[in-house]
Amino acid sequence: METVLMDILGAVVTFLVAFVVGMTYGGLSRKITARVQNRKGPPWYQNFIDAFKLGFKKSAIHHGVMHHLGGAFLMVSSVMTLMIVPVLSHNNWFPNLNFQGDLIFLLYIMTFGPLGMALGAGQTGNPNSAIGVTRGLSQMVGFEIPWVLALVALMIQYHTTSITGLMAAQAHSGTWLMFSSPFAFIAAVMAMLGMFRYSPFDIVGAPTELASGPVSENGGKYLFVMMSSGSVFTFAKLTLYVDLFMGGADNLLILLVKTFALYLIPMLYGMTTPRYRTEQAVRWFWGWPSFFGLLAILQAVIF
Amino acid sequence: MREKATTLYIGPQHPGITGNMMVKVQVEGDTIVKARTEVGYLHRAFEKLQERRNWLQSFTLLCRFCVPEPDPVEESYARAVELLEGREVPERAKYIRVLMLELARIGSYMLWYGGQNGSLGLYTMGQWSVGDRNYILDLFEELTGGRVYHMYIWPGGVRRDLPEGFAEKVLRTMDYLEKRLKDYDDLMFDNTIFQKRTQGVGIISKEKAVEWGVVGPVLRGSGIKSDIRIDDPYEVYDKLDFIVPTHEGGDIWSRALVRRQEIRQSIRIIRQVIEQMPSGEYYNRIPNPHKWALPKGDAYARTEATRGEVGMYIVSDGGVHPRRIHFRGAAYVHGITLLEDLLIGENVADISAIMNSLGTCPPEIER
Amino acid sequence: MKEIKENIIQRIKANFADAAEKNDFKDNRVDFSVKKETIPSILFYLKDEMGFIHLSHISCVDWLEEGELEVVFIVWSPKDKIKVFVRTRLDRDNPVMDNVDMIWRQANTYEREMREMFGVQFTGLVAPEEFLLEDWQGPPPFRRDFDTAAYAEKTFWHRPGREDAQDVRETIANRDGEEIPDFAKKYSR
Amino acid sequence: MMNDKNSQKIVDIIQNWARKHSIWVLAYGTGCGAIEIPPTMTSRYDAERLGVRGAATPRQADVLLITGYLTVKTMKRVIRVYEQMQDPKYVIGFGSCTINGGMYYDSYNTIKVLDKYLPVDVYINGCMPRPEAVLSGFAQLQKRIAEGRANGAQQYKDNLEWYRANQKKIIPNWIMPEYNW
Numbered sequence: 003m004e005t006v007l008m009d010i011l012g013a014v015v016t017f018l019v020a021f022v023v024g025m026t027y028g029g030l031s032r033k034i035t036a037r038v039q040n041r042k043g044p045p046w047y048q049n050f051i052d053a054f055k056l057g058f059k060k061s062a063i064h065h066g067v068m069h070h071l072g073g074a075f076l077m078v079s080s081v082m083t084l085m086i087v088p089v090l091s092h093n094n095w096f097p098n099l100n101f102q103g104d105l106i107f108l109l110y111i112m113t114f115g116p117l118g119m120a121l122g123a124g125q126t127g128n129p130n131s132a133i134g135v136t137r138g139l140s141q142m143v144g145f146e147i148p149w150v151l152a153l154v155a156l157m158i159q160y161h162t163t164s165i166t167g168l169m170a171a172q173a174h175s176g177t178w179l180m181f182s183s184p185f186a187f188i189a190a191v192m193a194m195l196g197m198f199r200y201s202p203f204d205i206v207g208a209p210t211e212l213a214s215g216p217v218s219e220n221g222g223k224y225l226f227v228m229m230s231s232g233s234v235f236t237f238a239k240l241t242l243y244v245d246l247f248m249g250g251a252d253n254l255l256i257l258l259v260k261t262f263a264l265y266l267i268p269m270l271y272g273m274t275t276p277r278y279r280t281e282q283a284v285r286w287f288w289g290w291p292s293f294f295g296l297l298a299i300l301q302a303v304i305f
Numbered sequence: 168m169r170e171k172a173t174t175l176y177i178g179p180q181h182p183g184i185t186g187n188m189m190v191k192v193q194v195e196g197d198t199i200v201k202a203r204t205e206v207g208y209l210h211r212a213f214e215k216l217q218e219r220r221n222w223l224q225s226f227t228l229l230c231r232f233c234v235p236e237p238d239p240v241e242e243s244y245a246r247a248v249e250l251l252e253g254r255e256v257p258e259r260a261k262y263i264r265v266l267m268l269e270l271a272r273i274g275s276y277m278l279w280y281g282g283q284n285g286s287l288g289l290y291t292m293g294q295w296s297v298g299d300r301n302y303i304l305d306l307f308e309e310l311t312g313g314r315v316y317h318m319y320i321w322p323g324g325v326r327r328d329l330p331e332g333f334a335e336k337v338l339r340t341m342d343y344l345e346k347r348l349k350d351y352d353d354l355m356f357d358n359t360i361f362q363k364r365t366q367g368v369g370i371i372s373k374e375k376a377v378e379w380g381v382v383g384p385v386l387r388g389s390g391i392k393s394d395i396r397i398d399d400p401y402e403v404y405d406k407l408d409f410i411v412p413t414h415e416g417g418d419i420w421s422r423a424l425v426r427r428q429e430i431r432q433s434i435r436i437i438r439q440v441i442e443q444m445p446s447g448e449y450y451n452r453i454p455n456p457h458k459w460a461l462p463k464g465d466a467y468a469r470t471e472a473t474r475g476e477v478g479m480y481i482v483s484d485g486g487v488h489p490r491r492i493h494f495r496g497a498a499y500v501h502g503i504t505l506l507e508d509l510l511i512g513e514n515v516a517d518i519s520a521i522m523n524s525l526g527t528c529p530p531e532i533e534r
Numbered sequence: 330m331k332e333i334k335e336n337i338i339q340r341i342k343a344n345f346a347d348a349a350e351k352n353d354f355k356d357n358r359v360d361f362s363v364k365k366e367t368i369p370s371i372l373f374y375l376k377d378e379m380g381f382i383h384l385s386h387i388s389c390v391d392w393l394e395e396g397e398l399e400v401v402f403i404v405w406s407p408k409d410k411i412k413v414f415v416r417t418r419l420d421r422d423n424p425v426m427d428n429v430d431m432i433w434r435q436a437n438t439y440e441r442e443m444r445e446m447f448g449v450q451f452t453g454l455v456a457p458e459e460f461l462l463e464d465w466q467g468p469p470p471f472r473r474d475f476d477t478a479a480y481a482e483k484t485f486w487h488r489p490g491r492e493d494a495q496d497v498r499e500t501i502a503n504r505d506g507e508e509i510p511d512f513a514k515k516y517s518r
Numbered sequence: 004m005m006n007d008k009n010s011q012k013i014v015d016i017i018q019n020w021a022r023k024h025s026i027w028v029l030a031y032g033t034g035c036g037a038i039e040i041p042p043t044m045t046s047r048y049d050a051e052r053l054g055v056r057g058a059a060t061p062r063q064a065d066v067l068l069i070t071g072y073l074t075v076k077t078m079k080r081v082i083r084v085y086e087q088m089q090d091p092k093y094v095i096g097f098g099s100c101t102i103n104g105g106m107y108y109d110s111y112n113t114i115k116v117l118d119k120y121l122p123v124d125v126y127i128n129g130c131m132p133r134p135e136a137v138l139s140g141f142a143q144l145q146k147r148i149a150e151g152r153a154n155g156a157q158q159y160k161d162n163l164e165w166y167r168a169n170q171k172k173i174i175p176n177w178i179m180p181e182y183n184w
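Chains as they are written, first to last, in the working numbering: chain A, 3 to 305; chain B, 168 to 534; chain C, 330 to 518; chain D, 4 to 184.
Calculated from the structure, these hints are not laboratory results. Where a beta carbon is used, it is the ideal one built from N, C-alpha and C, also for glycine. Mixed in with the good hints there might be a few duds.
If we take Cβ atoms under 7 Å as the criterion, some of the chain C residues that face chain B in the derived model are [what the hints assert, rightly or not]: (1) Leu384; (2) Ser388; (3) Val390; (4) Arg434; (5) Asn437; (6) Thr438; (7) Phe471; (8) Arg472; (9) Thr477; (10) Thr500.
The shape of chain A in the complex, shown without the other chains (with noise of 0.2 Å):
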């Protein structure tokens, strides 16, 4: 009983951290956008209070159902790739509910969100929501590719399929994967600069063409959810490649350094480019990315 409520708390606290850490990146995305942008920018907490107005502003929507299970399904699915990726190794705060062949339960699970977005989307009956769902659908299709790949060629390599277990592989050995499996992690990362909607892979929700695209309809306590969850699943998707990359990491400090580390790929290089058009994209991802993902497989089958 006691270990239950002690896990219940812990991912209360889990929970919290995640959200303050991922608004926190948010804003710091802001801010140094604006630094080579030749502006001052927004304060770092400029988010928090985005999210807090919108959650205080007033919602008299209502398309359906779905639309207002749109948002739950973002959340659902950040909350619970949150809870499987173990945060921190050796701490009772951040428990984690990690399972044996949890790496092929979380490829699911992280399509699950988008796809229940694409249902709320698509009821709100705005075409460019509907657009921006069909582009958001086909941008995973081509960065799973790679990522899969990356994926599967650690499966092989290390006769594991949990996240711990390569976590355990990193510890014994003393080198993190991202040295020992060097293909894997360049298809990883190069999957990830379309994970976190940057440009040039911004093109779901692009302002100029579709108007924000599935969110066009949401305001107020709608977007304050999707902005959390948003925030939430960047710092699960963080802290996952850490985990499988970097080692993991010890202590909170730790951790932020390496993840914040790893935030600024994306970042700095959607600072300097354009947007791909879709069938662009998608191209790109089964180019490069899934070359370096096969040779990650290659890598792991050979040796």
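Got chain A sorted already, so can you dock chains B, C and D onto it with the hints?
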């Protein structure tokens, strides 16, 4: 097949639209099968209002015709009035006018940098160039008192002389811009994704460009050397040394390159103008504007703006009020008919980019 | 330039008997007045035979006192560097003329605007009825007998305050020559 | 708990503080005033440091910035857009032409007094207002929000019939959904 098409309203409230207009497109998947433009959201009936004002009062309305670059409109009107009246313009005023027009050209292209790249998602470029455009607006402000609306090029010359030390400031700004343009090139033209997004998109062939009456950088981007500054020279452009860049592609990329090279030529022209500028009178003073009547007749003057040929057709019945003023906007010819034709078969993602590369300016269409 | 202009006038006059030319302009401009039935053929001739490939402008002027509308076509030849004005007069009560958008595609837009603003009907023009205005119920607004100020006064709310400083306006409007009124001296350059 | 008057006041203060520092402006350039919006948003003036940011659709926006004159045709769309926005929402009238018609006082196609048709919270005068003026307009709006005085939307709801009558007077063909929130 046609039944499957989704109707998509790009505008009037849409971040991707230039100005305030609407393009109603039908898309199948991502491909546009039909496009209809709808304009008229900005119709203020300028030309009707000018019939109620006198020849000089019209000036306050003129610069609102197209906000990104009001000076060519003023220039066309001033020259048409001078042509009708037979009023001489002092030599110095002509040089100051050219200086003004070229500064306006650069300023408008800086805004275009922002629009073109914003439509493609490269927001950093827009932030840089629109921020740097402020330096040109500062020059305007010092010279004319206004950032956006100048009302400076008047019939008979210009409204006031250059302030002390203005020429040095212009040269310093030009040096700064030249330095910045290198950064812009690194970010924009050397960017593979920018090339991929723009090459082969929105192609206007040579024949089509002539047939549809396309003008300005769009025509030069289709490989036809045509520039009113050379063909039908006004002010002192025939005494200045500059070239008219052309590119063969006819796509967004070619038009972008043409615009990029024209900034370079404008800087060259400004340097020459400042070097050659004579001293003397700057204004051939007009009589009391409330009693200033123009002889009966009509006149048409045209100017090369960043969007192409802008012209002003004025008709006088011998009174203090114009009989008719009719403005020919450069975007007027391609903003509606050509755009509707050009969008068919393009990707829905490229609507905004194509509109920006054509330089569609709705206030100029609707007036 | 003079010879080119003469040449153009010769050729047009040889082919179109009703063309009345005007050639006293200092710049590169030649002016022709024709009957409205001749408009498509003279424009075709100018474009196809004489190299006036660029349509610069189409405008319409309302001569209320004479009961006529004047339509002006301005075409430009990049080869000869000459602009030619072709003008015709229409009856103001029944303004009908031929559509020319098969010669230049952009003429379509001009004609739509003229139809809406002046009520000129073009036979064979295919375009949506409304162009700039929506649900407009008055007369064609650019005709001179439509009073825009009275219409605005009647239709829209107005904020009071525009009546101020009428005396100053009148003083400025009525002054003669160059002298500046006393109250404006301190602001003058 | 929250029905207590004092706690409601505290909640209001927190809400207004958040609203004040996060102003999302609908990207709708209704007139030529839109030309000074890019300089306001970019470096040198940088409105984002005050929390002012563009929003792509009316559902997400807080502020409707009427950048200049409204033609009758645009007016119809603007009313639609305004009614799609979610509470709390504010309107800024930008430029002289929204105040008294400006230089279009005798035009047959533009409205002259914006606040007869939409509830305006802040006016920015000038033609065209400089970016500094725009920023000061935003600052004024922030002040009004913080004091809880920016209640144009409430005013619109209370006097809906009056606003509707004015709007229908200039828009002859009224085919729009009813305002129901």
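Going down the list of hints, with the structure as the test:
no.: 1; hint: Leu384; verdict: holds, 6 Å
no.: 2; hint: Ser388; verdict: holds, 4 Å
no.: 3; hint: Val390; verdict: holds, 5 Å
no.: 4; hint: Arg434; verdict: holds, 5 Å
no.: 5; hint: Asn437; verdict: holds, 5 Å
no.: 6; hint: Thr438; verdict: holds, 5 Å
no.: 7; hint: Phe471; verdict: holds, 6 Å
no.: 8; hint: Arg472; verdict: violated, 10 Å
no.: 9; hint: Thr477; verdict: holds, 5 Å
no.: 10; hint: Thr500; verdict: violated, 10 Å
The earlier numbered hints that this structure contradicts are 8, 10.
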